[in-house]
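J.: Listed below are the residues making up each chain.
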Amino acid sequence: MSEFLQQVVNGLSLGSIYALIALGYTMVYGILKLINFAHGEVFMVGAYAGYYSAGWLGVNGYEASGAGFPLLLALVVLCFAMGSVALLGVTIEALAYRPVRSAPRLTPLITAIGVSLFLQNAAMLVFSPNPRRYPAILSEVRFEVGGVILTNIKLAIFGVAMVLMLGLYLLVHRTWTGRAMRALSMNADAARLMGIDVNATIRATFAIGSALAAAGGILFGLDQITINPLMGVLTGLKAFVAAVLGGIGNIPGALIGGLLIGLAEQLTAGYLSPDYRDAITFVILILMLLVKPEGLLGIVRQEKV
Amino acid sequence: MSDAGPGLAAPPPPIPPLPDPPARPRWGLRALVALGMIGGLALLRLGLEAVLIEYAQRIMMLAGINVILAVSLNLINGTTGQFSIGHAGFMAIGAYAAAFLGTHLAPAAAALFGSGMLADAVTFNLALVFGALLAGLSGLCVGLPSLRLRGDYLAIVTLGFGEIIRISFNNAQFLGAATGYFGDSPAGLPAYTNLFWVLLWVVIVIIVTWNITFSQTGRSLAAIREDEIAAEAMATPTTRLKVLAFSFSAAGAGIAGGLFAHMQAGIRPEDFKFDKSIDMIVMIIVGGLGSVSGAAFGGVFVAVSLELMRDLHEYRLVLYALLLIVIMLVRPEGILGTRELPSIVRGLWQRAGARGASSGGAER
Amino acid sequence: MTSGLSRRFLLLAALAGIAGFGCKDSKSSGSSGSASTPNGPASSEIVVGHYGSLTGNTAHFGQDTDKAIRLAIDEVNAAGGVLGKKVRLVTLDDRGDSAEAANAVTRLIDVEKAVTIIGEVASSLSLAGGRVAQRRQVPMISPSSTNPKVTQVGDYIFRVCFLDPFQGKVMADFAQDTLKFKRVAILRDVKNDYSIGLADAFKAAFTARGGTIPVEQSYSAGDTDFSAQITAIKSADVQGLYVPGYYSEVGTIARTAQRLGLKVPLMGGDGWDAPDLFKIGGDALNGSFYSNHFAPDAATAKSQKFVSDFKAKYGQEPTGLGALGYDAAGVLFEAIRASGKTDPAGIREALTHVKNFEGVSGTITINANRDADKSAVIVAIEGGKGKYRATVAP
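Protein chains in written order, with numbering that gives the first Met the number 0: chain A, 0 to 304; chain B, 0 to 363; chain C, 0 to 393.
Chain A with its partners taken away, still in its complex shape:
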């Protein structure tokens, strides 16, 4: 039983990270109907941003001396990573997606794939392909509860993910920017006619989505111990499946989808075979799209002719 609970705990923490990334996918798709393939790479850059900024702030010194990295500095690292990656997201949108916004749907899809490939390979050049150990921005504290081992990092993942998602929910439902995002996702032309600054709203969407992915990247690094330039490929894909599972365009759906995918992956790896842990995500995707393409919480959209 404790083994099962352990797998569940691990699955939920992994799933929270998927949820953070899935939010970016779901927001962008809701407004632009574009699968932002590059989002997984944005997540990876966020992890590296955390790695480097922690290094600049002397995390290794703190670790060597035994005193943990101060919480204040950890927050600084988080903010720096989120901010710089938000900038990256906005830049990608401006350079690669805005020019093709009015093109047939295939073109931006291909462009997104191109940006994703570019970021992966540029990261391998710049960061070197060797995996790196993630700095102890949070020093790990282990404790056991009923045969299940928890760490403060896993709790931090839950906590940060929840806080960020709550923040996002408030932003989308209680601010003007959020209202503009919702309007754009319902009907772009009407929103434009109502005087909404489409470009600014889209920029904000990308910025927020990327920032969330960056947070996910740092948490991922803390939990998984190593990062490498290709870490965003599979993780990004799984997060996208999570977004589809929950209902693409639907924010609580992204959270539920992420947790479910994380659980499915861990339980498959633990009880079926680790070889199928990646395949199960795709199987879920295919089943989902065949049975209920709008997702668990999504609404069926009729296609007008």
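Honestly, the hints are just simulated from the structure, not real lab data.
It is possible that some hints are incorrect.
Some chain B residues well away from chain A (every beta-carbon gap over 12 Å; in silico) [what the hints assert, rightly or not]:
id	residue
1	D19
2	P20
3	N169
Here's a subset of chain A near chain C, in silico, CB distances under 10 Å, partners left out [stated by the list, open to error]:
id	residue
4	L13
5	R131
6	R132
7	R181
8	E293
No residue lacks a Cβ here, since even glycine has one placed at the ideal position from N, Cα and C.
Got chain A; can you put chains B and C on it based on the hints?
T.: Same frame as chain A, now just chains B and C:
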């Protein structure tokens, strides 16, 4: 002279002769042309092998395989407008099936035909066709459920299927799992593939795809691409046609896979991962989505440009990705758009003629 | 319209350029694809080709090997070359792809006129490239491919590392005899034939002596999450865990085991050998053992010099792969010097006679199967460092 009385009409006009019945296809002539072409290709192969170093021959063969991949993929992505980005999975199925059957057929063929060119040719082509059939069948299985989806969702599902296929091969112990399938001997799979077979299959695939594209079926496929709902309203069997096109393009990828497998010592699931699907997409995008000749150009372009960029090996993949982005931003219709080579050549010829006439004479 | 035309002309011009580039030069006679040697002994330099994964997800393997080979060649050239001739290294990237590996070897032979090829790390890529080298009769030395099949391709293929069956048995015997283990779990990397081969060899040797493997788990190279596998292993009752993978995952696995409370020693193979192993694994690795070519504290003067030279040139310490690459080059130079021959057939012959070559990764003797007879060393990890424990002769 009308010396007949009133009431007599003019004689009726003579009955025009019946037109000739439409010519029956001259199968004898067609067979002769085909044989001539095969002979020509054999001569071409001998010529190329005498002139080119092995390295260049390899690149040409890879380019030919790319052309088969691109032209097949173009049928579903370009002509029918259904975007599939997991085709590397079908290539893998074709490759493994062909390699497996080839390895197991070889002793039987050697017993029947002796160990010479004939036995190899029979084994190889049977293996290729088997690979194509299996790949086409998988295309059917994947396409039937998936082609109800539109656009981006279809793309992701095909991606998912491609990955599932790869992961399945990764776990298939009897096919070597992650280490790969190397046939029975330590020297690896027999190297059946040579310039002749590659060129022959390139010609076959291009002819068949061309005929499909410019037939009634092809027009229906294009109608599905332009506006599926309107096509359905016009009683086009959209689902059936989409699935057929999908299976067909999967079969083409299977042929390419079989050819690819027998150029290598062995095949691994790693050779057919998502990157390969992306390569195929780049091929048809560069050449022009929807154009058969464009796809052919794209296939050659990808094989050649990767080699040309070898000196920049560190930056090779980065440049490749940048190329993709730049094409999308600057000329998304690719080099040829949806036009085909013969029409371009004809257009050039006509324009050259018109220019000559107007400059030489007065305005007409 | 014009831009389309000019682009098309560019493409045609490029194709014509390739065709011209691809044509044989008039000097070389004979037909293609035959066993004609691409260059004669009269050339004033010795061209050595290296093909490896310099990009892609195993890029660090190819890059490590390449840096070490380059170091060996620079050193030899600084000392006046081999037999008075300078050595020129041509490195081609195979992107971790088997078609590219065959392409790279073909190009090295046809275009660069290499007289010997060094490569590859991954056994399946060595098989892909080896077939070409064998057919064109150019000797190939694999620095780190441990699958027995590699040298079975033909008599032009050599290697300077020990084989999986030997290494697996070394650790199995150590586990039985010294650690007195009877129940060991195995965690292998299914994406990596090195890991699969070692795991199989360990299992065969361990169970043949009465041990049991109660649980076997697997992962894929590139995975970062091992909690599922460790959790499953924890619930079985084992005394040790054999993880014959690469350092990039082993470090994380050790930490995960520590985090989840799996308190048994880990064991592994030479894939562990890299400075990053300790950076990633930290104190979670204490009490573990791995088999290797040499131990850092029992290193010979030659290997210590190699480590410091490498560090001076590249600013990082070499991994075990680097040491093997360096030795592959060293064995080649030794063969050339001993025989006085610089043509491919002559080099091949000379390589078969290499005996007791003092490399940085151990003493190498090329045996009748063109594999290396080499001793293995058991390294124990204590206090975050590797310490020599025992030597095992083949």
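J.: Next, verify each hint and record whether it holds.
T.: Right, here's what the structure says about each hint:
no.	hint	verdict
1	D19	holds (47 Å)
2	P20	holds (45 Å)
3	N169	violated (7 Å)
4	L13	holds (6 Å)
5	R131	holds (8 Å)
6	R132	holds (4 Å)
7	R181	violated (35 Å)
8	E293	violated (30 Å)
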